[in-house]
Amino acid sequence: MSEMLIKNATVYDPINNINGDMMDIAVKDGKIVDSVGGSAQTIDAGGRLVYPGGVDAHTHIAGSKVNVGRIMRPDDSRLNNKPRTKVTRPRTGYTVPNVYSMGYGYAEMGYTTAFEAAVPILKARHTHEELEEIPIIDKAGLTLFGSNWMVMDAIREDDLDRLAAYVAWGLLASRGWGIKIVNPGGGEAWGFGKNVSGLDDPVPNFEVTPRQIVKQLAEANEKLNLPHSIHLHCNNLGKPGNYETTLATFDVCKDIKSKRDRQSLHVTHVQFNAWGGNHWGDFESKSEPIADYLNKNDFLTIDMGQLVFGSATTMTADGPVQYANARLLKARWSNGDVELEDSSGVTPLEYHPQSYIHGIMWAIGLELALLTKDPWQVLMTTDHPNGGPYVNYPMVMTMLMSQKRREKEMAKIAELTFERTSIAGIDRELDWYDIAIKTRAAHAKVQGIIELGKGHLGVGADADIAIYDIKPDETDATMEFDKVEAAFRHAAYTIKGGEIVVKDGEITAVPKGRTYWVKATAPADGHERMMEDLKMKFKKYYSVNMANYMVQDEYVEHPVVFETGYQ
Amino acid sequence: MIIKDVLCPFCGCLCDDLTVEVENNKVVDVKHACKIGTSKIMGHDRIKAPMMRDDKNGEFREVSYDEAINESAKILANSKRPLLYGWASGVCEMMKKGVLLNEEVGGIIDNTASVCHGPSALGVHEKGLPTGTLGQFANRTDLVVFWGCNPVQAHPRHMSRYSVFNKGFFTTKGRKSRKVVVFDVRKTDTAEMADEYVQVNPGEDYMVISALRAVVADKADVIPDSVGGVPKEKLVELGEAMKGAKYGMVYFGMGLTQSRGKYKNIDNAVSLITELNAHGKHSILPMRGHYNVTGFGQVCAWETGFANAVDMSRGIPYYNPGETCSNDLLMREEIDSAMIIAGDAGAHFPAQSIARMSKVPVIQVDPFHNPTTEMANIVIPTKVSGVELEGTAYRMDSVSLRMRKLVDVDFPSDEEVLDKIIAKVREIKGASS
Ligand code: SF4
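Those protein sequence lines, which keep their order, are chains A and B. The opening residue of the first sequence carries number 1 in this note's numbering; numbering runs sequentially from there. The opening residue of the second sequence carries number 568 in this note's numbering; numbering runs sequentially from there.
Hints in this document: simulated from the structure, not taken from any laboratory. Worth double-checking, as some hints may not be accurate.
[As the list claims (entries may be wrong)] Derived lysine to aspartate or glutamate pairs resembling DMTMM-like cross-links, with alpha carbons at most 25 Å apart:
(1) Lys571/B - Glu528/A
(2) Lys754/B - Glu807/B
(3) Lys663/B - Glu133/A
(4) Lys535/A - Asp159/A
(5) Lys743/B - Glu759/B
(6) Lys593/B - Glu842/B
(7) Lys664/B - Glu842/B
(8) Lys296/A - Glu132/A
(9) Lys537/A - Asp572/B
(10) Lys571/B - Glu532/A
(11) Lys926/B - Asp584/B
(12) Lys663/B - Glu554/A
(13) Lys972/B - Glu133/A
(14) Lys82/A - Glu671/B
(15) Lys330/A - Glu807/B
(16) Lys734/B - Glu532/A
(17) Lys539/A - Asp572/B
(18) Lys734/B - Glu207/A
(19) Lys664/B - Asp553/A
(20) Lys571/B - Asp834/B
(21) Lys813/B - Glu3/A
(22) Lys539/A - Asp584/B
(23) Lys535/A - Asp584/B
(24) Lys373/A - Asp251/A
(25) Lys28/A - Glu3/A
(26) Lys996/B - Asp621/B
(27) Lys31/A - Asp427/A
(28) Lys539/A - Glu588/B
(29) Lys215/A - Asp21/A
(30) Lys664/B - Glu132/A
(31) Lys540/A - Asp572/B
(32) Lys734/B - Asp533/A
(33) Lys330/A - Glu693/B
(34) Lys239/A - Glu842/B
(35) Lys972/B - Asp986/B
(36) Lys540/A - Asp584/B
(37) Lys194/A - Glu763/B
(38) Lys615/B - Glu629/B
(39) Lys799/B - Glu763/B
Construct the complete structure from the given sequences, taking the supplied hints into account.
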């Protein structure tokens, strides 16, 4: 394959401690190398900003709930439409773009990897069908385990080996990357229209608690030595006062020792879980105690779930929360119960700056990122499309970099917001290095894909590179935020695996991306006990046969298998 | 050779527990399938070779695949308003190619839901769809409503596998665990097996649903003595039963989607379900006909943003049912050619649409002879998916499964035919631009 040399790049590569150094980057056969020959294709970055390709550790880009969003919202599919070009297919949609737009949109912003954050095993085949159709970017899916009958039965019987064996099997069956837990136990309770109220509220009919589910899945995660930690959406999401549950949930994993150089707990879209007050009337931000906890503890990471004003399509495996949302907002509601496994819901909504509730939510996301000292602990996301579509990342990046930009936004927001939050008093402004952490390096670390060559530009890494049309040493990001946002919105170049896929913000090539999944071995006796239980469940309770359940190889055309094992 | 865990390529139940015996590359026995499923897998009259005729009154003559494919590509590439219709009894892999072909020719792609559950999609646009997987219902439902559908005839194993007779985790007594209610204008075989049959006056389902919503909202006093032919006391009793269910389930069919009120019936039914969820758990599911009609909606949605009736003449996907569905276009005489693939327009379209189709060149891609063949100028036979070809299909509850191949044949697959047509269309369009 080809060789490439990017000259005069101002590079920020936090994983390799490179902080704005002017350097050249050599690429050969899709990987970063020390040097290349004289005939290599040359790109003169001319001192412009160069980052590793962006990584999104938590987004909803594929699968049944995303497609339900599309089917339910033809209004959304009428937005942002673009005809095909010589290389691209037609694009539709803003909050729930079609598969092509999904891939092009990420690539245009210099992103090259994304993790679909909620995959029910029974519907994993569908998820992979869509993932395969998303062009350019590499991807992976996190498998839902938090309300699964196999999981809860093993936990009730205190059989950690059997639990771990099932997790290993579930990851294989779904071709999944890690353990996702959504509203632990709540998905099962929602099977009869109920919910769980907190960590110690038993799951109806299963005699286990959310606390046990979180703790034992976290232990199984380490036993299996998985690349990612558990990925947790806490109980009581979307309810005023839920920050207490969130803090208590953090504590559940305090003593879990991580086997790898990563967190032992990742809590996702914490903006939706850092809420104070007893009801919507006295709703307020509780980002301070959350950030305080993060500042004192390094075993966990979170992502923001930043709100973006305008249209959103909320979608989550948290079935009961979606019903509550739909009723509150008198909005369209789709529900998706999945037998023996989980639930889900989809509801469109609009975030208004004039609503103090939405204003406070907006503030909380930013506060979490700005009040937490270590930039590696808080990833930038919008929980696409729950807090807002991912195409708004460039705007969120400027909000983090510029107090002036935040003030501009605050001028539009309901007054009451500022009595109930601390955002107006925060003067922290992140720099180019911090942004590289928050949008790629920390995502790769949290997901455990650094060793796969993602999220950095060290020798041997994938040649996933973003060049932005902005010179860090000549640009004051705190003042020139419009310029910065424009640069982040349309990369001058996005290079994916050594190939130029975006030039001057336009898609130039559409290679197929790869799919990462984990193959883990489990202890033999645990596996045997697990299989006995699993066969019984298929025979009696599943509506499909075991032989037709597992995702076949045909659905993952470009797999990268991460092998690991029980210890 | 015995092949186990085979999927049935007939109805939306997509049963996946069939055992098929194959001898000398021929299916000789099918176990566990219902009659209609068995008959499809056992096979019957196939179109043997590609055929063409210049004028629809003339006779077909056998031609080569290349000739039929090149001629089809010419017709589509030179049309201003080609319609690509059908897509229900094929695998998802070919549907993706269909969406691509539609981009190439700037046509309209539409599937059989257009004359079936299309209105359900409009109801979903208005209100969403609270639903779940069939196993969820099998394990939990204690109240089952069939509204305007007749599974005994159309989905013969639905009641035993998923909805009525089966035992589940919370429904250990099978049939005895559930109350079954049928709303229909006539007493179908399904109604015969129900605990309650509620006869609704034709076209008055909307009002009956509204009355049930009133009961659920504790506003029974506004209901007149009789609604849609159903006495008030019955409506109150049924509304209260729904409210009291632990897990209530409504399955609905074309009696609701294609009768007076159309999508408004679905809109109203979804509202009823949403409101009921404040009491117990409730879901609703359309009883989809062809085994993969659901798959087309899924594929088309992820590829174009819209589940059906996508017009590419503007260069971007455009969707507006009432304007861009097959029959809208045929009735307005806009269509100047049609490809009917994996679906039978000839048997299901209104006479006026058929009249228009009889005036334009029609290409049929299908394994079987059917009423569409009578209108076709070109006929291209293909493999029977799920018997002669493996690939993906979506069950009526949107669970996708992989269909198996049971026997080998020399016919090309739909996907291969579409690939060749696309290549030829590109060649023609490239040469003319
Ligand atoms: S019920 Fe439907 S899918 Fe099942 S065997 Fe009969 S025709 Fe086939």
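Hints and how they fare:
1. Lys571/B - Glu528/A: 23 Å, holds
2. Lys754/B - Glu807/B: The hint holds at about 23 Å.
3. Lys663/B - Glu133/A: 10 Å, holds
4. Lys535/A - Asp159/A: Roughly 17 Å separates the two Cα atoms, so the pair holds.
5. Lys743/B - Glu759/B: Roughly 16 Å separates the two Cα atoms, so the pair holds.
6. Lys593/B - Glu842/B: 52 Å, violated
7. Lys664/B - Glu842/B: Roughly 41 Å between the alpha carbons, so the hint for lysine 664/B and glutamate 842/B is violated.
8. Lys296/A - Glu132/A: Since the Cα atoms of lysine 296/A and glutamate 132/A sit roughly 41 Å apart, the hinted pair is violated (cutoff 25 Å).
9. Lys537/A - Asp572/B: 16 Å, holds
10. Lys571/B - Glu532/A: It holds: about 20 Å lies between the C-alpha atoms, which stays within 25 Å.
11. Lys926/B - Asp584/B: Outside the cut-off at roughly 45 Å; violated.
12. Lys663/B - Glu554/A: Measuring from Cα to Cα gives roughly 15 Å; hence the hint holds.
13. Lys972/B - Glu133/A: This hinted pair holds, its Cα atoms lying about 24 Å apart.
14. Lys82/A - Glu671/B: Cα-Cα ~15 Å, so holds.
15. Lys330/A - Glu807/B: 24 Å, holds
16. Lys734/B - Glu532/A: 20 Å, holds
17. Lys539/A - Asp572/B: 13 Å, holds
18. Lys734/B - Glu207/A: Since the Cα atoms of lysine 734/B and glutamate 207/A sit roughly 22 Å apart, the hinted pair holds (cutoff 25 Å).
19. Lys664/B - Asp553/A: 21 Å, holds
20. Lys571/B - Asp834/B: Given pair lysine 571/B, aspartate 834/B is violated - Cα atoms ~41 Å apart, limit 25 Å.
21. Lys813/B - Glu3/A: Given pair lysine 813/B, glutamate 3/A is violated - Cα atoms ~64 Å apart, limit 25 Å.
22. Lys539/A - Asp584/B: Holds, at about 11 Å.
23. Lys535/A - Asp584/B: With a Cα-Cα distance of about 15 Å, the restraint between lysine 535/A and aspartate 584/B holds, given a limit of 25 Å.
24. Lys373/A - Asp251/A: Cα-Cα ~19 Å, so holds.
25. Lys28/A - Glu3/A: 5 Å, holds
26. Lys996/B - Asp621/B: Between lysine 996/B and aspartate 621/B the Cα gap is close to 23 Å, so the pair holds against 25 Å.
27. Lys31/A - Asp427/A: 39 Å, violated
28. Lys539/A - Glu588/B: Within the cut-off at roughly 22 Å; holds.
29. Lys215/A - Asp21/A: Given that 25 Å is the threshold and the Cα spacing comes to 43 Å, the pair is violated.
30. Lys664/B - Glu132/A: 15 Å, holds
31. Lys540/A - Asp572/B: Holds: lysine 540/A and aspartate 572/B sit about 16 Å apart, inside 25 Å.
32. Lys734/B - Asp533/A: With a Cα-Cα distance of about 18 Å, the restraint between lysine 734/B and aspartate 533/A holds, given a limit of 25 Å.
33. Lys330/A - Glu693/B: Roughly 12 Å between the alpha carbons, so the hint for lysine 330/A and glutamate 693/B holds.
34. Lys239/A - Glu842/B: With a Cα-Cα distance of about 21 Å, the restraint between lysine 239/A and glutamate 842/B holds, given a limit of 25 Å.
35. Lys972/B - Asp986/B: 20 Å, holds
36. Lys540/A - Asp584/B: 13 Å, holds
37. Lys194/A - Glu763/B: 28 Å, violated
38. Lys615/B - Glu629/B: 9 Å, holds
39. Lys799/B - Glu763/B: 15 Å, holds
Hints 6, 7, 8, 11, 20, 21, 27, 29, 37, counting from the list given before, are not met by this structure.
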